[in-house]
Amino acid sequence: MTIYMYVLAYKMNGKFWALTDKEKENVNSNIIHFINNYRKNLISIKYYKSIRHDNDILIWSASDTPINLEGLKEGINSAIGIYGKSEYSMFSLYEHSPYVNATNSLEDTLKTEPKKYFVVYPMSKDREWYLINYEERKKILAGHIGTARSDKESPGIISYTTYSFGLGDQEFVVLYELDDLAAWSHVTEKLREVMARKWIINEAPIFVGIYNGDKLVI
Amino acid sequence: MTIYMYVLAYKMNGKFWALTDKEKENVNSNIIHFINNYRKNLISIKYYKSIRHDNDILIWSASDTPINLEGLKEGINSAIGIYGKSEYSMFSLYEHSPYVNATNSLEDTLKTEPKKYFVVYPMSKDREWYLINYEERKKILAGHIGTARSDKESPGIISYTTYSFGLGDQEFVVLYELDDLAAWSHVTEKLREVMARKWIINEAPIFVGIYNGDKLVI
Amino acid sequence: MTIYMYVLAYKMNGKFWALTDKEKENVNSNIIHFINNYRKNLISIKYYKSIRHDNDILIWSASDTPINLEGLKEGINSAIGIYGKSEYSMFSLYEHSPYVNATNSLEDTLKTEPKKYFVVYPMSKDREWYLINYEERKKILAGHIGTARSDKESPGIISYTTYSFGLGDQEFVVLYELDDLAAWSHVTEKLREVMARKWIINEAPIFVGIYNGDKLVI
Amino acid sequence: MTIYMYVLAYKMNGKFWALTDKEKENVNSNIIHFINNYRKNLISIKYYKSIRHDNDILIWSASDTPINLEGLKEGINSAIGIYGKSEYSMFSLYEHSPYVNATNSLEDTLKTEPKKYFVVYPMSKDREWYLINYEERKKILAGHIGTARSDKESPGIISYTTYSFGLGDQEFVVLYELDDLAAWSHVTEKLREVMARKWIINEAPIFVGIYNGDKLVI
Amino acid sequence: MTIYMYVLAYKMNGKFWALTDKEKENVNSNIIHFINNYRKNLISIKYYKSIRHDNDILIWSASDTPINLEGLKEGINSAIGIYGKSEYSMFSLYEHSPYVNATNSLEDTLKTEPKKYFVVYPMSKDREWYLINYEERKKILAGHIGTARSDKESPGIISYTTYSFGLGDQEFVVLYELDDLAAWSHVTEKLREVMARKWIINEAPIFVGIYNGDKLVI
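Note that the protein sequences, when read in sequence, are chains A, B, C, D and E. Following the UniProt record's numbering, the numbering of the first sequence begins with 1 at its first residue and continues without gaps. Following the UniProt record's numbering, the numbering of the second sequence begins with 1 at its first residue and continues without gaps. Following the UniProt record's numbering, the numbering of the third sequence begins with 1 at its first residue and continues without gaps. Following the UniProt record's numbering, the numbering of the fourth sequence begins with 1 at its first residue and continues without gaps. Following the UniProt record's numbering, the numbering of the fifth sequence begins with 1 at its first residue and continues without gaps.
None of these hints come from the bench; they were simulated from the model. Please note that a few of the clues may not be correct.
Here are the simulated lysine-lysine pairs, PhoX-like style, with alpha carbons at most 20 angstroms apart [said to hold, decoys possible]:
#1 D:K15 - E:K15
#2 B:K11 - C:K15
#3 D:K125 - A:K190
#4 D:K215 - A:K15
#5 E:K116 - E:K46
#6 A:K125 - B:K125
#7 B:K139 - C:K190
#8 A:K190 - D:K138
#9 E:K190 - C:K139
#10 B:K11 - A:K85
#11 E:K85 - D:K85
#12 A:K15 - B:K125
#13 E:K198 - C:K125
#14 C:K11 - B:K138
#15 C:K11 - E:K198
#16 D:K85 - A:K24
#17 A:K125 - D:K125
#18 C:K85 - C:K24
#19 D:K125 - E:K111
#20 D:K139 - A:K190
#21 B:K11 - A:K198
#22 C:K11 - E:K15
#23 C:K215 - C:K22
#24 E:K85 - D:K11
#25 D:K152 - D:K46
#26 C:K85 - E:K24
#27 A:K15 - D:K85
#28 C:K15 - B:K85
#29 D:K190 - D:K152
#30 E:K11 - C:K11
DEER-style ranges, computed between Cβ atoms [claimed, not checked]:
#31 C:T161 - B:K139: 28 to 38 angstroms
#32 C:S159 - D:E153: 26 to 36 angstroms
#33 C:K40 - E:G156: 54 to 64 angstroms
#34 C:I32 - B:D126: 36 to 46 angstroms
#35 C:T161 - B:I132: 25 to 35 angstroms
The beta-carbon is built from N, C-alpha and C at its ideal position, and this holds for glycine as well.
Working from the sequences, and respecting the hints, build out all of it.
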């Protein structure tokens, strides 16, 4: 099965923030209600509060049918209506990495309970990377993966690498689920010293989601 | 006959998404109705839902008369009115490639049924490319085209290269019709390793359209 | 006489596009009416529909008095009112090129009938260009001008080079009047191979105007 | 204890500026009232008028619980409602620098009275920096810190380096409290000559806050 | 005395341009009235119409008290209310250049009558500049200043170099008062050939103001 992944970020506007608590709860309920009804069209869907000022809700979904992800966008747009708008999206393909041997089912990894935090960002490599021969690249990435996995703060961080070649403005969309943001930040900093970073040309914007159950904007 | 090509992307706003289903259908009908009446002024026109958050409708049209493409913009603007706005456009010239021998009629290739997916993006090359002599460039591109065509996942992908020199902010607008997004993404990734990529300096934004008949925003 | 040149681009909004045809005609008349009354303050003024999505009207004017160009902006702003807004402008000085001998009156060249198409864009050169000695630069540009003029598709293209040093965000504003967009695009592409392009660092956005008499947004 | 830091910038809109003085005071009171009630969820919170045109209020907060910082955003959004919106944010981790020996409690440094001015900006280093070995980097930074500390205008400037790896679009968020903006600017200029600057690739936007008690937008 | 400088750019919106002449005059009066009352808090204030499309008013002020400049922003915001908004600002320090001997009082130079035109833009130099030793830099700048001063079109151009290190997104804010825009543009173009330009990395946006007495937007 082919798995397409889709991340959406929404920002609520002043008309929303000026509502009473009760009215805000209604908007929140509309969003959750739509998602629950729509869930059957998806492999998985998780949602988070966003720490950034330029969006308030992060939605992470997967489906084997791209139009179902587009339909998710339309449905959430309609649930939010005049109270906000989509501000970012990333569309990608979730497949086994050619650099790593894996036996797990990709679909199952998505159907877990959300961890406390969700991190996602786009990533691209410069043109030189792709002119290095495959075996050499494999070796360089093995160094990267080794450092990442062996770090004492890595346990508890689940990472997903997805492919966005020809599907979006980045080559990769990388996603993480984790329970400790400080540990995550330490590992990220430590990986700055890894050789493989030499070819990375973009890793922004970085979105940090906080899992808060069904309370997205209240 | 000279063929001009024009891609338009529209985003609907919160006022639209807050409408009832019936009202949304009316807006959708206005757009389709205008397009059907206007079709006689064009060589071809196809339309798609867009997977991106920053636009919802993609329109791909061709005409031998540039003002008819401008008129298309005005007409769709009017059909959408206060419910959205144009967010992107690309204007280019569709001609036989100087690097490839071809005998087909360009006009006929446009008059086919839409495939499941439509991909389009702007593309430019750096200054060094144009200082390489023509025969050398021809050889480099032959390598690119050979890799693209021989890939086992390429069949079913129709590509259109159009020229935007002096007409828009990019040198080329490249367009694809295809039925399998995952296969398309695999081919795109594989082409990263081709020599000709060394001179490519921009390939964003990438727009992915999903063909959904006359239902554009419903 | 010193000639200042000013290009303005306006985009109409959803409130405009939702008007009836009759109401749109009134807005269009207001714009044309203002321009006709204001023409006495200018050396020349021509106007076009714009092919781009991000603006609908292009206005190209010249005056020996900068405040008259600013007054043009205010007047058109007022004629358009709540139905649109200015989205781009370029202010420059129209003078004889130091690289070309010319005997014509610059003022007269502006007072011609509009051709079918108008193309304008900002242009800058990198720092290295200006460190080359003047005679060498003159030779490089002579090659560029020779290629441009000798091309079989060049006849019918009138070009204007204007100077924006210290007046705007670009060094040059280059403008063209022409009747055949495909020929124009071919010449532009051919000039990509000219040595002088090595130092060009920006040529966007490119605006293409279509002359449509007094019908600007109808 | 892990300390997360969060800077928010808000811009008030025309609807706000058109209010009477009395009405503006009410909006100002709502913001201060919310902050005072919310203070118990935070380690510290300070607020400033902003000198920039693109935002009017700067809020600097710290908490050991990220969701409390997100809640701060929601609360201020609600207090401001239709009269403005968040325009920037930076989220980071406040920890002892690995390059400096320190014995003070980070928490205590935050609980001081605001100085007259607050300066904050994002900062990132290029890829080459992280490929230099740790001891060499330590030596380079020691030079930077030495120059900064020994400057005769440095006393009175308190600096905070925080870490944003994987948490935001920058690697560091650097913050300063100071009483003399001219002295601060002189020190900043002098540090341009320090070797460590060679690897810095971004230091914008720079936000300057002015402490004005509880009067934020009046 | 320390002199802080502050440039503000405002754009009026469609609601303003749709007003009657009389109503526009009232808005204009509100702005001028506020400025005249506020002048006592400043060292100097001058104002101009702006030639750019993206702003209509330029305000150039100086004060020894930063909060008085912030108060200027708030006051003009309030005078304009729903009819426009601030679109740009630059905050800097006006001091004697370390490269030039000067004996004049900086304060006095500001208290002159406005010339016909005002030009202002941000400027930054690349990292390499600051690694050159001070004496060498002094020599390079002397060449620049010599060329600028000796040009036959330079008389009548007054220049102000101000320092924005750590205060804004640029290193310098450079300002000019002049009576002849064509002469100014010629001098600017000629300075492109000066060695010192090799290290300049940004000089945009360039704002050109036209002095029109108290008529700012009428």
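Which of the listed hints are broken here? 4, 12, 14, 15, 19, 21, 25, 32, 33
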